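Student: In case you want the letters, here they are:
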Amino acid sequence: MSWFTNLPSWARWSLAAAVGMFVLTVVQRVSGTDLLTEEGTAQAMLRWSIPILLAGLGGLYSERAGIVNIGLEGMMILGTWFGAWGALNWGPWGGLAAGLVGGALGGLLHAVATVSFGVDQIISGVGINILAPALTRFLSERVFSGEAGGSVSQSPRVDGFGNFTVPGLADFLGTIRDQEIFWISDVAGFSRGFVAEMSWFTLIGLLTVPLSGWLLWKTRVGLRMRICGENPNAGESLGVNIYGHKYLGVIISGGLSGLAGAFIVLELAGLYRGGQTLGRGFIGLAALVFGNWRAIGVLAGSLVFSYPFGLSLVDFNAESSGGATRALLLVIAIALAGVMVWAQRSGKRGDAILAGLFAAIALVWYLGTETAAAWLPNTMPYALVLIVLLFASQRLRGPRTAGLPYRRGET
Amino acid sequence: MKRSWRNLLMLLAVFALAAAACGDSSESNDASEGGDDSGGEAMIGDGVNVGLTFDIGGRGDQSFNDSAAEGIDRAESDFGISFTEAEPNEDGSNRAELLQLQADQSDLVVAVGFLFAEDVRAAAGDNADTNFAVIDDAMLDFDNGAVPWADNIAGLTFAEEQGSFLVGAAAALKSETGTIGFIGGVGGFGLIEKFEAGYTAGAQAVNPDIVVIPQYITQAPDFDGFFAADRAREIALTMYGQDADIIYHAAGGSGAGLFEAAKEQSESSGSKVWAIGVDSDQFNTVSEDVQEFILTSMLKRVDVAVVEVTDAHLNGNFEAGNTVYDLSVDGVGYSTSGGFVDDIVPQLEEFKEQIIAGDIVVPTEP
Numbered sequence: 284m285s286w287f288t289n290l291p292s293w294a295r296w297s298l299a300a301a302v303g304m305f306v307l308t309v310v311q312r313v314s315g316t317d318l319l320t321e322e323g324t325a326q327a328m329l330r331w332s333i334p335i336l337l338a339g340l341g342g343l344y345s346e347r348a349g350i351v352n353i354g355l356e357g358m359m360i361l362g363t364w365f366g367a368w369g370a371l372n373w374g375p376w377g378g379l380a381a382g383l384v385g386g387a388l389g390g391l392l393h394a395v396a397t398v399s400f401g402v403d404q405i406i407s408g409v410g411i412n413i414l415a416p417a418l419t420r421f422l423s424e425r426v427f428s429g430e431a432g433g434s435v436s437q438s439p440r441v442d443g444f445g446n447f448t449v450p451g452l453a454d455f456l457g458t459i460r461d462q463e464i465f466w467i468s469d470v471a472g473f474s475r476g477f478v479a480e481m482s483w484f485t486l487i488g489l490l491t492v493p494l495s496g497w498l499l500w501k502t503r504v505g506l507r508m509r510i511c512g513e514n515p516n517a518g519e520s521l522g523v524n525i526y527g528h529k530y531l532g533v534i535i536s537g538g539l540s541g542l543a544g545a546f547i548v549l550e551l552a553g554l555y556r557g558g559q560t561l562g563r564g565f566i567g568l569a570a571l572v573f574g575n576w577r578a579i580g581v582l583a584g585s586l587v588f589s590y591p592f593g594l595s596l597v598d599f600n601a602e603s604s605g606g607a608t609r610a611l612l613l614v615i616a617i618a619l620a621g622v623m624v625w626a627q628r629s630g631k632r633g634d635a636i637l638a639g640l641f642a643a644i645a646l647v648w649y650l651g652t653e654t655a656a657a658w659l660p661n662t663m664p665y666a667l668v669l670i671v672l673l674f675a676s677q678r679l680r681g682p683r684t685a686g687l688p689y690r691r692g693e694t
Numbered sequence: 035m036k037r038s039w040r041n042l043l044m045l046l047a048v049f050a051l052a053a054a055a056c057g058d059s060s061e062s063n064d065a066s067e068g069g070d071d072s073g074g075e076a077m078i079g080d081g082v083n084v085g086l087t088f089d090i091g092g093r094g095d096q097s098f099n100d101s102a103a104e105g106i107d108r109a110e111s112d113f114g115i116s117f118t119e120a121e122p123n124e125d126g127s128n129r130a131e132l133l134q135l136q137a138d139q140s141d142l143v144v145a146v147g148f149l150f151a152e153d154v155r156a157a158a159g160d161n162a163d164t165n166f167a168v169i170d171d172a173m174l175d176f177d178n179g180a181v182p183w184a185d186n187i188a189g190l191t192f193a194e195e196q197g198s199f200l201v202g203a204a205a206a207l208k209s210e211t212g213t214i215g216f217i218g219g220v221g222g223f224g225l226i227e228k229f230e231a232g233y234t235a236g237a238q239a240v241n242p243d244i245v246v247i248p249q250y251i252t253q254a255p256d257f258d259g260f261f262a263a264d265r266a267r268e269i270a271l272t273m274y275g276q277d278a279d280i281i282y283h284a285a286g287g288s289g290a291g292l293f294e295a296a297k298e299q300s301e302s303s304g305s306k307v308w309a310i311g312v313d314s315d316q317f318n319t320v321s322e323d324v325q326e327f328i329l330t331s332m333l334k335r336v337d338v339a340v341v342e343v344t345d346a347h348l349n350g351n352f353e354a355g356n357t358v359y360d361l362s363v364d365g366v367g368y369s370t371s372g373g374f375v376d377d378i379v380p381q382l383e384e385f386k387e388q389i390i391a392g393d394i395v396v397p398t399e400p
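Going line by line, the protein sequences match chains A and B. If you count the first sequence from 1, position 264 lands on 547 in my numbering, and the numbers rise without skipping. If you count the second sequence from 1, position 147 lands on 181 in my numbering, and the numbers rise without skipping.
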């Protein structure tokens with residue numbers, strides 16, 4: 284397997300995606316559904332992945348700077364409110380900017396508490412998660428409840444950015460899809476979901492991935508931020524302003540979470556509504572762990588997590604619903620069987636037995652049902668992270684001092 | 035260092051508590067207000083306070099709760115009562131406390147929504163001299179022969195299936211593709227299935243071959259489906275993609291997502307698709323941008339129920355147990371705002387007559 288680990292990360296993930304698509308195509312044939320590789324599924328997945336992606340990248344900046352940010356959810360909530368408020372006053376760009384600033388203010392609060400005052404990072408984050416919904420509700424009562432269509436828990440309708448389609452590419456992929464070649468057409472149809480009728484905000488969200496990778500790993504300020512999370516004392520001895528860079532990391536983290544909130548308001552719901560983030564900040568943290576604290580890994584995590592969810596939203600017709608979601612159980616069984624083989628070959632017998640057991644359970648479940656339970660898609664992100672932690676924990680490596688308080692001159 | 039850590043933590047805690055306390059909107063309307071409206075004349079409701087307890091969403095939700103708010107406003111001007119409003123916090127964990135708060139200052143407490151059923155039973159036991167009414171729950175003890183839980187508890191329910199039948203007929207009459215959709219907020223607890231059953235029956239009464247695509251956003255006990263506009267939008271776009279040209283929602287606040295999807299689909303495909311609203315006349319409550327896509331709304335006259343239960347209370351006729359508001363008392367119906375269904379009103383009225391006469395029995399289960 285050394286050839287695989289020697290590949291650059293984008294190539295590794297692309298290869299994994301191609302293999303994943305192959306499994307999906309096979310399962311799709313076996314289960315008699317065509318939704319697993321449909322364009323609509325890809326579009327729903329992409330739309331729903333952006334808030335998770337942005338929150339996960341937010342977590343990346345913060346944890347790379349040595350601060351665990353469990354307050355991503357709260358900062359996202361601030362982003363939803365400020366996003367709606369900005370969009371009402373100045374249109375979509377205003378909403379984007381206001382969401383960013385609103386979230387960044389939440390990040391600033393977290394930074395003041397954890398960096399300057401050394402408050403326990405978990406406690407401060409939980410505090411922000413409690414504060415944010417109450418604060419936005421208070422603000423809604425002041426601002427939205429007077430306007431037509433607004434109330435203490437929701438804003439008037441706001442406009443989104445609008446969609447675009449990449450001209451030649453979408454037609455080209457559409458042509459290949461219509462050839463109905465096994466796997467090739469499935470890949471083309473699914474990929475078309477990434478280039479057809481995509482929102483501009485989605486593009487902005489996707490562009491933050493290479494931008495973050497570049498900023499954190501190729502620039503001086505990125506290196507300085509990362510040393511805050513790895514060995515702040517060594518950084519301090521070299522004259523790096525540790526406090527300042529921790530502040531920067533946490534504020535960017537809040538800003539990205541706020542952007543995630545603004546995306547939910549502008550592109551998914553079309554209005555602010557209390558409680559509409561539904562724990563996506565925490566799923567963002569899960570994507571961060573899944574992606575091994577790397578920008579492209581977070582992207583992969585957010586896509587994998589939102590796939591079952593997006594699928595469940597399009598998974599119905601006049602006769603029944605939940606048929607394609609059920610087929611996912613077979614995908615999981617196959618994936619776990621793969622893990623079993625891999626664990627056996629690397630000499631981890633305990634892991635192999637465990638994976639085989641889970642694979643058998645998923646297979647029996649698949650064979651025993653006609654439609655999947657409605658709660659299944661919502662649980663999958665958490666189940667996936669547990670599986671990844673279970674079998675790949677030795678390969679995961681987060682920033683060494685994330686979560687530990689840092690005081691200048693104390694070691 | 036230790037000291038500042040503690041100070042900040044306390045500050046944060048105080049902050050959070052203060053903000054959380056602000057979260058509950060509990061506003062009181064002056065008792066004299068009603069009297070002023072009547073020009074100083076003594077009214078039957080003078081000195082009587084009604085506690086209206088909204089469900090999540092509250093006044094301004096453009097749907098269910100707004101309808102109740104309209105009712106209490108009318109009761110205020112008609113009877114001269116005063117009223118207090120309350121709305122639970124976002125996770126609905128303080129319902130019991132709000133009911134007790136309302137009972138302390140009111141003679142009649144109206145709880146808007148079946149989610150209050152359990153808490154009202156407890157509150158009614160503790161406050162024997164206050165009357166309680168719950169919207170959308172029969173408030174009957176079905177295990178012991180469907181008797182009222184107590185003498186001071188009334189349940190106000192609606193024949194939603196009858197109103198849904200009429201909008202289902204309207205959808206079938208207006209559909210050009212022969213495919214229509216239904217989005218339910220939360221399935222699995224019986225209430226929303228009534229909407230689906232009536233809608234499907236009404237559509238099939240017009241066109242036996244019509245295809246109805248039903249989908250629920252969440253399943254009980256997950257009640258997020260009533261305020262998940264984002265998911266409703268995605269589901270609606272998929273339904274429109276499956277050739278449906280009219281979609282009816284029974285999903286409370288999630289309906290905003292359906293209207294958004296109707297606009298988006300109409301603009302991107304160039305052919306107009308429709309949405310049907312629920313509870314309130316949603317043509318009048320949504321923003322102007324999406325108004326033109328609302329064919330009609332299934333009216334559930336929560337306002338009528340609120341006015342009538344207040345009237346009964348004031349006249350000493352408060353009746354424990356279940357009162358059903360159906361087509362015969364105009365407790366449910368359809369709206370004509372926007373004028374999009376004006377041409378089919380005669381047919382709809384005919385169906386209405388037949389239901390009232392009992393010639394058509396509308397099913398309550400799909």
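In case anyone wonders, no lab produced these hints; they're calculated from the structure. Owing to the predicted nature of the structure, the values given are computational and were not obtained by experimental measurement. Careful: at least some of the hints might be erroneous.
The calculated DMTMM-like cross-link candidates involving lysine to aspartate or glutamate, where the alpha carbons are at most 25 Å apart (straight line), are [to be verified]: (1) Lys-208(B) / Glu-519(A); (2) Lys-306(B) / Glu-430(A); (3) Lys-297(B) / Glu-513(A); (4) Lys-501(A) / Glu-513(A); (5) Lys-208(B) / Glu-430(A); (6) Lys-306(B) / Asp-442(A); (7) Lys-297(B) / Glu-326(B); (8) Lys-208(B) / Asp-160(B).
Student: Please name the hints from earlier in the document that this structure breaks, with their numbers sorted from lowest to highest.
Tutor: Structure breaks hints 1, 2, 3, 5, 8.
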